[in-house]
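Going line by line, the protein sequences match chains A and B.
Each residue of the first sequence is one higher than the last, beginning at 470 in the numbering used here.
Each residue of the second sequence is one higher than the last, beginning at 204 in the numbering used here.
Simulated from the structure, these hints should not be mistaken for laboratory data.
Accuracy of the hints is not assured; some may be wrong.
Interface residues of chain A toward chain B, partial, derived using beta-carbon atoms under 7 Å [as the list claims (entries may be wrong)]:
id, residue
1, Cys524
2, His551
3, Ser562
4, Glu565
5, Leu567
6, Thr568
7, Leu575
The beta carbon of each residue, even a glycine, is placed where N, CA and C say it ideally should be.
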Amino acid sequence: MYQQKDFVLSVEGLTVSFDGFKAVNNVSFYIEEQEIRVIIGPNGAGKTTILDLICGKTKSTEGSIKFKGKELTKLREHEIVHAGVGRKFQNPSIYEDLTVFENLELSYPKGKKVWGALTFTRDQAVIDKVNEIAEMIFLKEMLQSKASLLSHGQKQWLEIGMLLIQDPELLMLDEPVAGMSVSERKQTAALLQKITQDRSVLVIEHDMHFVEEIADRVTVMHQGQVLSEGSMDHVQSDPKVIEVYLGH
Amino acid sequence: MLQSKFKSLTPRNDVLSFVVLAVLLLVLLPLLFDIFRLNLIGKYLTFAFVAIGLVLSWGLGGILSLGQGIFFGIGGYAMAMFLKLEASTPENTAIQSTPGIPDFMDWNQLTALPWFWEPFHSFGFTLVAIIVLPAIFAYIIGAAMFKRRVGGVYFAIITQAIAAILTILIIGQQGYTGGVNGITDLRTLLGWDIRTDSAKYILYFVNAILLLAVLVAAQYIRKSKLGRLLVAMRDSEDRVRFSGYDVDNYKIFIFCIAGIFSSIGGAMFTLQVGFMSPSLIGIVPSIEMVIFAAVGGNLSIFGAVYGALIVNWAKTILSESYPEVWLFAMGALFIAVVLAFPKGLAGLYETYLQPKVDKLLDKKLKKDKAE
Ligand SMILES: Nc1ncnc2c1ncn2[C@@H]1O[C@H](COP(=O)(O)OP(=O)(O)OP(=O)(O)O)[C@@H](O)[C@H]1O
Ligand SMILES: [Mg+2]
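Just chain A, with the same shape it has in the complex (with noise of 0.2 Å):
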């Protein structure tokens, strides 16, 4: 019966290797729409390579990755951008040198090519989005400001919200709340519960808490294989999980 949904994105006996180093080797997993994955796992196990592999940044040695039945891993990174998959880096990647307006702006799905860019201009529409994104991750006071000057947190939302911009059915997170204060957390799980309503998450994250709150489903990684997968409770209680994160 769960074979039957429709899939978001399925990832099937996907591998790559490094110089013969299996970072990744055999993984499948399947996201339903509008369900929030976590993918778990100790340092090394793979999980950001993963997302490198599903958003066109390392290229896969074998597998493969659909994504509302489109094959993703002959694409460039911008047409699968295009196709509706974002990504969040591990460390905040945002513009610096730019203000968050500017931050948010550059996200917006218009003008992407050359000409569209030269010719772009800030409309209402881009106005009124840039704000409403703003509101939704905590930053709507700090807009005209330089994007360096936020603190980590912020920057971690601010690397949110320029995903949202993009307004992608698929979302990818890479630890977004790592070096995060209490609160911060806490808004940050807020924040995730509100924009998966209607687009799919997929999580990256070390704080069991955290997953604990926003997590439908949980893919337990360890040495670059899948080795448990399920409800939080199911891959809590997994022998073989216990072990890795006990015995070691």
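Place chain B with the ligands on chain A using the hints.
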């Protein structure tokens, strides 16, 4: 809305910088200096075209080319070829064994004009070539490098190598290119003698106006979304790429623009100085051009012009009295700028002078409003 767009293109400080520079170039310098000096200044300003291109590609976009001499040379040689053909009428070259071809070809036992020289009989073709050739060349280099994700230091080194190869090629193919001496003894442009003082005055002004036009174009690019994208790419290229932009195309575009600007500068060099040679396109001149931009401030298109003027001025003075010192002085200058004033002259202006200017302007505005 058009008005608001125009406003966003012309912040007060940039307008002020533009007006000051225009007055300096079009009024003050011509009043202050005789035609000999003014012609020299015109020559310095041809390097400003290159420096402005570098501000866009390097300062804004983080793409450092150490081979901008290539494009300076393309424009310079295109213009020189046209002028040389005009100077090589059968009457002027009657004493050659093959009259009607440039003198250096005759010395090298060529008996017919090479095919690639033919189109340069046409002034129209030459003007188009000055714009289109550097764009094509930059496109090829850019596409080959950026699509393969070659960037940073590797890109700088490869552009440098191309400049070196081009120089060697030109020097080696003496019969086709004039060799190490370059293309010299240029006389008239469509029958108008460019060696006279009055012609030099006119060319100075043509050059200055072209430079101002290039500044306007550069300002447009800088203030467009594309300008902000370049800055974004410099900060975090992957973020731009994974925001749905084909980053490579933007790099190619700005590299082409920088090439076109340089080529215009090269053509104006040939017209004002009366020759073009490999000494202007190789490794050393290409690095000098980067230094002009660095001294002016690699983020400021106006700074680039002052950088080109001041460094060339210093070069002329220094190399008149101590020619062997110049290269060292320039190296020292570059290190000093990078270490002590990374934002160059423009940075100094912004920290020390601009606040005062702002205050003055604000005061004036308030007064105007009160009245
Ligand atoms: N481009 C690459 N070339 C070679 N090895 C790589 C490359 N990218 C990742 N690796 C290796 O693959 C393994 C998995 O890395 P990855 O970054 O995916 O781990 P992770 O699960 O995200 O860890 P963390 O929790 O520390 O972020 C690591 O051993 C890493 O060194
Ligand atoms: Mg990681």
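Query raised in the report: For this structure, which hints from the list above don't hold up?
Result: Per hint list: single violation, 6.
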